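Novice: Here are the chains, one letter per residue:
Number of protein chains: 2
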Amino acid sequence: MPTRVSKQRQSVIGLLRTLNIDPAQIPRTRPFYRRIVELIERGVSGGALAPGVRLPPERDLALALDVSRATVVAAYRELESRGLARAYVGRGTFVSATSDGSAPFAWRGKISTAAIQMTDSTLRDLVRHAADPDIVSLAAGEPALDLFPTDAFRVALDDALTRHGTAAWGHAPTEGQHGFREVLARRFGGEAANTLVISGAQQGLDLLARCLIDRGDAVVVDRPGYLGSLQSFRSAGARIFGWDFVRADMDELEDLLLRYRPKLIYTNPTFQNPSGQTLPIRARRELIELAMRYRVPIVEDETYCQLSLSGAAPPSALHELDQDGTVVIRVNSFSKVLAPGLRLGWVGAARPIIEQLALMKQQIDPHTQNLIQLVVAQMIDTGLFDTHLSTLRVEHRRRRDSMARALQKYTPSGALRVGVPEGGLFFWCRLAAQASAREVQQRALAHGVAIVTGEPFYVDGGGTRELRICFTSRPSDVGVRAAKVIGASVAQAVRQSERAQPIARIV
Amino acid sequence: MPTRVSKQRQSVIGLLRTLNIDPAQIPRTRPFYRRIVELIERGVSGGALAPGVRLPPERDLALALDVSRATVVAAYRELESRGLARAYVGRGTFVSATSDGSAPFAWRGKISTAAIQMTDSTLRDLVRHAADPDIVSLAAGEPALDLFPTDAFRVALDDALTRHGTAAWGHAPTEGQHGFREVLARRFGGEAANTLVISGAQQGLDLLARCLIDRGDAVVVDRPGYLGSLQSFRSAGARIFGWDFVRADMDELEDLLLRYRPKLIYTNPTFQNPSGQTLPIRARRELIELAMRYRVPIVEDETYCQLSLSGAAPPSALHELDQDGTVVIRVNSFSKVLAPGLRLGWVGAARPIIEQLALMKQQIDPHTQNLIQLVVAQMIDTGLFDTHLSTLRVEHRRRRDSMARALQKYTPSGALRVGVPEGGLFFWCRLAAQASAREVQQRALAHGVAIVTGEPFYVDGGGTRELRICFTSRPSDVGVRAAKVIGASVAQAVRQSERAQPIARIV
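In the order they appear, the protein sequences are chains E and U.
Each residue of the first sequence is one higher than the last, beginning at 1 in our numbering.
Each residue of the second sequence is one higher than the last, beginning at 1001 in our numbering.
Keep in mind that the hints were calculated from the coordinates and are not lab data.
All values derive from a computational prediction rather than experimental measurement.
A virtual CB, placed ideally from N, CA and C, is assigned to each residue, including glycine.
Only true hints are included.
Coverage of chain E stretches by chain U, computed from C-beta distances (three or more under 8 Å per stretch; other residues unrestricted):
| hint | region |
| --- | --- |
| 1 | 128 to 140 |
| 2 | 155 to 162 |
| 3 | 192 to 203 |
Use the sequences and the hints to build the structure in full.
Specialist: Here's what the structure looks like:
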C-alpha cells in the first residue's frame, strides 16, 4: 500500500456505523449495488470515510448486508470506476480520494502506488529555475556555459553530418555507437564493449536502481550525497542509509555493510556533490577492499572528476583501483564538462551488468541520440574537448576565487562558513548561527538569486543549516552581485533568528 | 519472487537429506558458519540444490543444527555475498545460481527481481539490425531516411544556435521548452500546458506504465499490437489482455473491461503497427463511450497518424472525440515522420497526468535535449516539416506499390497474403501455407534481409505465420531486391513444410 495512506481498516460494523446504516432499513430496490455505492460515496464526500481507509472485504460486507457477494463486487467496481476507490491485488479496496464532482474523470484514483510516492520535485524545480531568465540560478550545477565553444561545435556538427550522412537519422544500437564507445574508452579508460551510452548520469542511476534494487533492499549512499541518486534509489523502493562521506570513517561503513547487507554503495568520491570533498587514496583502497570482502557493488559517480581546479590530478578513481574490473560501476556524463542540455553520459561496468542495463534501456529509451554521439566523438578526437576543459578550469578557478572573496566580504563575520573546494562546481556552506538555510534561500530568491538548502542531500534529516551554491555558472561580476544578495540574506536571517531567540526563551 | 524460479521450498529435514548431513557428525570447529556455507555451496555446485529453491528459515536450520541463529544468518549472508543465494525481504533466502568459481564477483545474484524479468531483447535486436550496414533491415520501422532534408536541418540548426544562444546548453524545464510546446499545440492540437516533451514514444510508454500500473494490474492492448508497449506494460508487472483490434468487436472489449477492470487501454488506432489497419469512426466513438462508462483511461498511440498514403485524412483521433479532454492520453513521436535517431516525442493528457509524468521524468531523464527541440520547432514553424511530410507520402506510396508488386511476383501463388495498408510503414503478411514465419525470417536473414515475425506482437501466442515488413526505409530498387529474397525464402519454407508434412503423418 502507499505509505501515505493510513493503515486504518474499516470493519464491517465500523463501516455501517460510520455511514449510519441499518442493514434492515436499506430499501431492497434494485439494483441494490447502486444503493451501496451511494452510501459509501456520501460517506466519502461527507468526510466520514477518509482517503486510505480500507473498505471491508467484499465477503464480510455481503454477509452483513445479506446480499450476494457479486452485488458488493459490483458496488466496489463502480466506486473504483468513479475514482473513489482503488483495488490492490491481494490487499483489498481502499478509499482513494474525496469525491470530486466537478471532474468528469477522477485521475487521482488512477495513479500507481509507486508513482504516488514520486512527489519530490526538487530536481524539476532546479532545472526550471536554471532555465528562468529572470533568476540568477546558482542552484543547479552548470559549468561556464557562456564559454561553450559554439562555433567549434557547429563545425564538429557539420563534419559529423557530412561524414556520417544518414547514420545520424536511423536507429542505432542500444549500447551506443561503436565509434563513440571506442572514443570514450580511449579518452576515459575502460573497454568499449563494457560501456553503455546513456542520456545523462540520471538515466544511468535510474537504470542501475531498477537493475540492482528490489523494494525493501538496503543501499548505502554518501551523507550528504547527490539528491538525484537519492530520488532514484527511493523510487526503486530502497531503504537508504547514509555514510558520513566527509569524515570517511571506514568502521562506520563496515558497520553499515554488516548490519544492512546493502545491494550497492553509491558514492561520488571526487570533488563530491555537494560537499566538494575528495576521498583520500587510503580510504579509496579500503572502500574497494570492503566492497570485495562483502561483495557489494560500488556505483562510482565520476561526474566531477575532470574538474580539478588546482591542476593536480585527484587520487586514482575507484574503478582504477578495482583491478579485476568487477566490483565498480562507473557513471559519468558530459553535463558538467560540456553542457547539461546535451543529455549525454555513459556507464562502465562488468559485461553482465552492461548487458542487463542495455536490455532495460531498450524499453525505456531504445538508444541515445545519434547526432550528439557523433559530435562529441568528433570533439574528443580533435582535441577540442580537452582544450575546452582547460579553459573551463582556468575560468572556474577565477569564478570560485572572486565569489569566495565576495561571500566573505558581504556576509557578517562568522555567520557563514564557506567550503571552498579544489574542484567541482559548488561551495558547500554552513550557517554558523541559528539561522535557517531555508530562510536564507527564500530571501535570496526574493531578490532573484536561486540557491539550494542542504536538506535534499540528506537521507536522514540534516542540512537545515547548509547551503549549496554553484560558483561556475555565471561570470565573475554576476557571481559577485549574487554573493552580495546571499550575504544580505544571511545577515537578515541571522538578525531574524536573534530576534526570535529571546521570545522563545520567554515563552 | 521471480516468476522464473521454482516455488519449491526446502524443509530443514529435506535440506539435511539433500546435502547428506547428519547434524551430530558435523565437526564443531569454528567458525561453524563456514562449514554450513561449504555444505550448501557443495550442494549447489553438485546440482543437488537447484536455483530458485528456498532455503529453510534461519531459525529452523539453527534449531536442527543446534547452533545459534546468528551462525545461520552469517552463513546465509556469506552465501549471498558469493552470489549463490539472494534474500528477499519477507520471503526468505533462495538459491540464486550455480557456483561460478571463475568469476571474482558473481553478478548473477545481484540483479533485481524486476530486472531479471527483462530478458526480451526484441527491440534491442531490431535497432541493432537497423544500424548494421551489411543488412537490408526491413525489421524496424523507419521512414525514407535517404530523403531526410539534411541541408535544411543544418540551416534550422544554425538558426537555432544563432537565435537562442546558450539556451541550448543549459538545463531546461522537465516538461519541455515553452516555445516548443506551443509549436506542438499549434501544429498537432491540444494545449501547450498539457504537453510533456519526451525522448521518443517509448519513453512515454515507460512513464505511463510506471504512472498508471501497479504490479498485477490488468491492461488491455491491441491484438496484434506494438511490441514496445507490451514490453513496457510487462515490466511494470501488468497482466496484459489482447483485444482483437482488426475485428474491432466492441462486445469483446466491453467484456474485457467488465471482467478484468483494466487500469488502461492501449491502442494505436490509425495505420496501426503492425496490422496497418485503422479503427473506423463508429468503433472510435464506441471506444470513447466505453472508456467513459468504465472510467478507464485510453493511451492513444498516434505515431503513424500523419502518414496517410492515400491523401485522405484518417477518421478523427480518439483525443479529438474525447470532448472533455479527460480520458485520452496521446503519445506521439517524430521518429516516423522525421527520424528515429532524433529521439523526440511528446505526451498530451489532462493536467494531473502531465504533472505526475513530469515528476517521474525528472528522475529518469531530467529533460529532453534542448537543441533538438529548438531545431524541430524551427522546422515546423518554417513549414519545412509539412513539406517533408508531403515528400514522404509520395515516396512512401511509390515504395509500397513497387514492393507489393515484387512480393506478388516473387512469392509462390497463394503462399503469402500481403496486407497493403493505406498508411504507416508496414506490410502485415500472413503465410497461407503451413510454413513458419520464423523459418522465412531466418532464410531471409541468411541472405541479408531482416524482417520480423508476428510473435512479439501478440501477448497470448499467435503470430507464428505472420510477418511484418517495413516498405518505407529503402529505395524502391533495394525494396524490390529484398522482396525477391523474401519471396524465395517463402518458397523454400513452403517446400520444407510440404516435405515435413508426410513424414509427420507416417510417424
